[in-house]
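Trainee: Residues per chain, in single letters:
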Amino acid sequence: MSEHTHTIVGPKVYVAILFALLAGTALTVWASFVDLGFWNPIIALAIASTKAILVLLYFMHVKYSTRLTKLAIAGCLFLFLTLISLTLADYFSRAWGSW
Amino acid sequence: MQNNQAIVPAVLDQAGSEHGEHPSYLRHHFQTVEQQADASNFAMWLFLLTEVMFFGGLFTAYLIYRNWYFPAFVAGSHQLNVVWGTLNTLVLILSSFTMAMGVWCAETGRKTGLVLCLALTFILGIGFLGIKSVEYAEKIEKHHVPGLHYSLRSFLDPDSDAAARAAGDKPMTPEMAVHTELYFSLYFAMTGMHALHMIVGIGILGFMIFRARAGAYTSGHVTFVENFGLYWHFVDIVWIYLFALLYLISRH
Chain A
1 MSEHTHTIVG PKVYVAILFA LLAGTALTVW ASFVDLGFWN PIIALAIAST KAILVLLYFM
61 HVKYSTRLTK LAIAGCLFLF LTLISLTLAD YFSRAWGSW
Chain B
1 MQNNQAIVPA VLDQAGSEHG EHPSYLRHHF QTVEQQADAS NFAMWLFLLT EVMFFGGLFT
61 AYLIYRNWYF PAFVAGSHQL NVVWGTLNTL VLILSSFTMA MGVWCAETGR KTGLVLCLAL
121 TFILGIGFLG IKSVEYAEKI EKHHVPGLHY SLRSFLDPDS DAAARAAGDK PMTPEMAVHT
181 ELYFSLYFAM TGMHALHMIV GIGILGFMIF RARAGAYTSG HVTFVENFGL YWHFVDIVWI
241 YLFALLYLIS RH
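Respectively, the protein sequence lines represent chains A and B.
Mapping of the first sequence onto my numbering: position 97 corresponds to residue 97, and the numbering continues sequentially without gaps.
Mapping of the second sequence onto my numbering: position 168 corresponds to residue 168, and the numbering continues sequentially without gaps.
Rather than coming from a laboratory, the hints here were simulated on the basis of the structure.
Treat the hints with care, as some may be off.
Unchecked claim - Only some residues are given here: those of chain B computed to face chain A with a beta carbon under 10 Å:
1) THR50
2) MET53
3) GLY56
4) ASN81
5) GLY85
6) TRP104
Unchecked claim - Computed footprint of chain B on chain A; a stretch qualifies when at least three of its residues, placed anywhere within it, have a C-beta under 8 Å from a C-beta of chain B:
7) 8-21
8) 36-43
9) 65-76
10) 81-93
None of the values given here were measured: they were computed from a predicted structure.
Each residue gets a CB set at the ideal place from its N, CA and C atoms; glycine is no exception.
Just need the whole structure built from these sequences, with the hints factored in.
Mentor: Listed below in structure tokens is the structure:
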């Protein structure tokens, strides 16, 4: 009946994630010097988010944690994105830059 | 959340010795070691989620002001050194890896490995702060610290400044140039808060190295190491975003 038994993540996974993070860093530094206009910040944030998700899932063991923990994290990210969206909607739609 | 089969009566013990039937580190308000581990893990996550909101506010402020005073924020960002920033990212990723390996060592009872991993994480953390202080010193020299004799020279006359010249900055109007001070305010607030988290983490690492040498975390009770690992990785994630937003997106 046990939903959750403590999973020990081993060195192989950690080394793989380390190299993925190093590759992601190299990629994002390289991409920042290429002029992609509008896409530069989006690509930088996409790579940063990919790295963050790898750290979350494997270094922080979210992939192996309880449903309660997963739900709490998902709830927090949803709330954070909601707050940012509402704040930005407010700023962008009210006399932008005229303060 | 838990299985109900393995519940051990932790409090009652006929012989009077309460610690006969369960590990000494199992607190009496928990029924099983697993329940205790899950509860403290969840509490740690709740703390980190409040930290997400805390840093999230700073990121939101940065997002709005960057769009608002775009030229000033681009010119401000050109003052940061990508080489130092990249080096610090590598140092921090490496420290996250050594921390993760430390957690594995604790979970599998490797005492020497744990002490080594914690010591490496400690050294890499100090290295990060060392590089950060080199960057801060440069800002102080160039009078780019908000409120402390802040100078607009690099932005009004970009040819006088090597970094601005290299980035091909055009002279700014004084009205826009004053907003570079806002960029550096957010730069110092965000990296400073991040550095403060690093300093706290390094302090706790020192304590843990001391305790790990005495064998504290390699005899089954690894919660402290695991929860500290979560904290350290969270600080790494914050830096991943800081690096992208402060150093990279205005570079091209």
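Trainee: Indicate, hint by hint, whether the structure satisfies it.
Mentor: Verification of the hints:
1. THR50: For THR50(B), the interface hint holds, since the closest Cβ of chain A sits about 9 Å away, which is under 10 Å.
2. MET53: Given a least distance of 7 Å, the restraint on MET53(B) holds.
3. GLY56: holds, 5 Å
4. ASN81: At 12 Å from the nearest chain A Cβ, ASN81(B) fails the 10 Å test, so the hint is violated.
5. GLY85: holds, 9 Å
6. TRP104: holds, 6 Å
7. 8-21: Since 9 is at least three, the answer is holds.
8. 36-43: holds (count 3)
9. 65-76: Contact hint for the region 65-76 of chain A vs chain B: holds, 8 residues under 8 Å.
10. 81-93: holds (count 5)
Of the numbered hints stated above, the single one contradicted by the structure is hint 4.
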